[in-house]
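K.L.:
Okay, here's what each chain looks like letter by letter:
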Amino acid sequence: MTPLHQFGLWLRETLMQIPLPVVRGLFVAAIVAVIAWVWSLPRTQTEPVDHPPRWDENLKWIATAALGAQIVIYCVF
Amino acid sequence: MLLAGGDPRRKLDVLMQALDRLDIAVFLTYLVLTLIIGAIVGRRMHTGLDFFLAGRRLPWWAIGFSLVATDIGGTDIMGVGGATYNHGIAAGNFDWIGCVPVMIIAAFVFVPKFYRMKIYTIPEFMERRYNAAVRVALTLCWLLFMACNMGIMLYASGKLLEPLLGLSQSQCIWLTAILVGLYTFTGGLAAVVYTDVLQCVVMIAGCLAVLVMGVIEVGGVGELHRQVKEVRQKKIEHEQQKRVEAGDAPLPSAEVEHLDLVLPVNTRTPFPWTGIFFGLTLILSPAYWIGNQAIIQRSLGAQSEFDAKAAYVWGALLKNLIPLIIAVPGLIAVVKFPDLQDGDQAIPRLVAEIFPSGFRGLFVAAFMAALMSSVDSYLNSATTLFSHDLYKRFLRPDATDRGLLAVGRATTVVLTAWGIVFALNAGRFDNSGVYAIFQTLMAFFQGPALAILLAGMFWRRATGAGAVVGFIVGVAVSVSLYALNQPAVYSALGWEPLFQIQDPYLYFSVWAFLTTMSLLVIVSLLTKPTSLEKLADIFDKSS
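Order-wise, the sequence lines are chains R and H. Each step along the first sequence adds one to the number in the numbering used here, with nothing skipped, and position 27 is 27. Each step along the second sequence adds one to the number in the numbering used here, with nothing skipped, and position 239 is 239.
Only chain R is shown next, with the shape it has when bound in the complex (with noise of 0.2 Å):
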C-alpha cells in the first residue's frame, strides 16, 4: 500500500459519507447557480445589438429552458 493508495481509501471514505440525496442537491444547486448568472448577465450579452431584438432572440430563456429542463430531469432520474 502505497501513499498514494492510502490517500485515494481515505479520500473515497470521506466522499462517501456525503449522503446521495445532498449529492443530488449539489447537481441541481450547480444548475440553478448558472440560471441565476444568465439572468444577471446584460442584455446586451444576451440580445442582438445590430437590431431590436424579437421576443425569440432573447437567449436567457432559451438558456433557461435548456438548464430547467435539467433540473427536472436531476428531480426525477
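Among the chain H residues that face chain R by a calculated CB cut under 8 Å, a handful are:
#, residue
1, I89
2, I97
3, L259
4, D260
5, L261
6, F306
7, A310
8, A316
9, L317
10, E496
11, L498
Everything labelled a hint here was simulated from the structure, so no lab data went into it. C-beta: ideal position from N, C-alpha, C; glycine also.
Fit chain H to the given chain R structure using the hints.
P.N.:
Chain H only, in chain R's frame:
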C-alpha cells in the same frame, strides 16, 4: 461525446441481417442527399476564410445542429445504448450535466471572446496569450488525436457498410473516405456544417423512432420503469447468489441502479457521482466544449457574435433530447433482451426486432450520419490546425488567403489518404488494447489543456513558461495514472490498482488538471510576467 464507447466492429451484425431493399434504398437516399448538399455549398469557396471558417456566414441554427452532430459519433449511438443496457441511465450524464451547463457558460463567456479576437484555432489563441511552444504542443496533441480517431471512424464505417452494400471492407472504407473527403474538399467548413444539419436530423429521427416504437412495444413509460426494476432486481439477486456459492465477497451495492442518474461512490458501474461531478462536469466537459478545435471552429464561422452565442444555447437545448433517444432504448433492451452477453448488441437487436421495413434503413442512415459528421469535422479541423498553426505560422508566414485555400485542400487530400491507410490497418489493433488507448487519448491532454486555457483567460500573471511546464507534466501525470491502472503494470510493481472503478479516465483527468494548474501557478510566479502589450489583446474588455 466524452463517453468512451466500445469496439464498434461487431455491433451491427444482427441488424444488417434484417435489412431489405427498402431499407437499403432509404440509406442510399441519405448518402446521395449528403453529396448534393456538399456540392451546392462547395460552389461558394474562393478563399481560405471561406474554406476554414465558412466565410463567417454561418447561421446559429445550422451551427447548433452541427455541434450536436459532431459530438455524437457513430460509436456513441451504440456505445451509450450499450452502456445504458449494462449500467443504466447514468450513462445519460455525459449528455446532460456533462454538456448543458457548460455549453451555456461557454456561450456567454468563451465563445464571444474567441469570436471577437478573430482567431481560427484554439492553439492560435494560446500563442497570442502565451508563446509558440504552447501553440505547437497543443496543435500536435489535437492533430494526433484527430488523425487517429478519423481512421477509427472510417474503420467502423467499413465494418458497417460491408454487409450492407455487399462490397469488401476495404472497398467500403475507400467509399466512405472519398465521399466525406469530397464534400469536405469542395465545401470546407460550410459543407461540413450543412451536411451535419442533415445528419443531425436523420440521427434524431432514426433514434426517436427507436424510442417511440420501443416504449409502445413494452407497454408505456410506467411499464418500462416497473419492468426494468424487476428484471435488474432478479439479475442482482442471481449474481449475489453466485458470488456466495463461489465464496466471493458480495457486491458492494445490491440496489437497482439502472434508473438513477446519481450513483454512489461504491457503485458497480463506471459512473460514481464523484467521477461525473468532478471529472466530467468540472474538467472534461469544459475542456471539450471550450477547448476542442472541432467544436469551437463552428462558432468562429458564425455570421455574427450573437449567432455564435445562440448556436451554443440552441445546441444545449437540443442536447436535453439526446440521452432520451440514445440511452433510453438501452433500458427498453433490458426488458426485451435481459440476457445479452454484449450490451453493445442491445440497440441493433432492438431495431432489427421492432422496426418495419424502411425504418431499419433510417436507423442505419442515422448511425452512418453520426459517423460521417464526426469524420468530416475531424478532417476539416485537422486541416485548419495544420494550415494555420504549422504551415502559415512556421513555413510560409506570408501565405495569401487564396494560397491557404490550396494548402487546406491539399491537406484534406493527404489526411483523407492517411485515414484510409489507418483504417485499412486498424484490424491489427483489434485485440491489442491499442484501440482502447486511442479512445482514451483525448482524456490524456484535456485536463492540462483546460488548465492552461482557464489560467490564460482569467489570470494575467500566468506565463508561457508556466503553461509549457504545467502542460507537459500534466499530460505525463495522465499517462502515468493510466499506465499504473493497467493490470500488467501494477502487478509487475506488486501494487493494487490505483482506482477502484473499471475505466477511471474521469478521475485521472482531475489529477492531471490539478497538477497542471499547481505547476502553472508556481512556475509563473517564479518567471518574468508577460508584457502588458501582449496581454491587452486578451484582457481588453472590447476583445
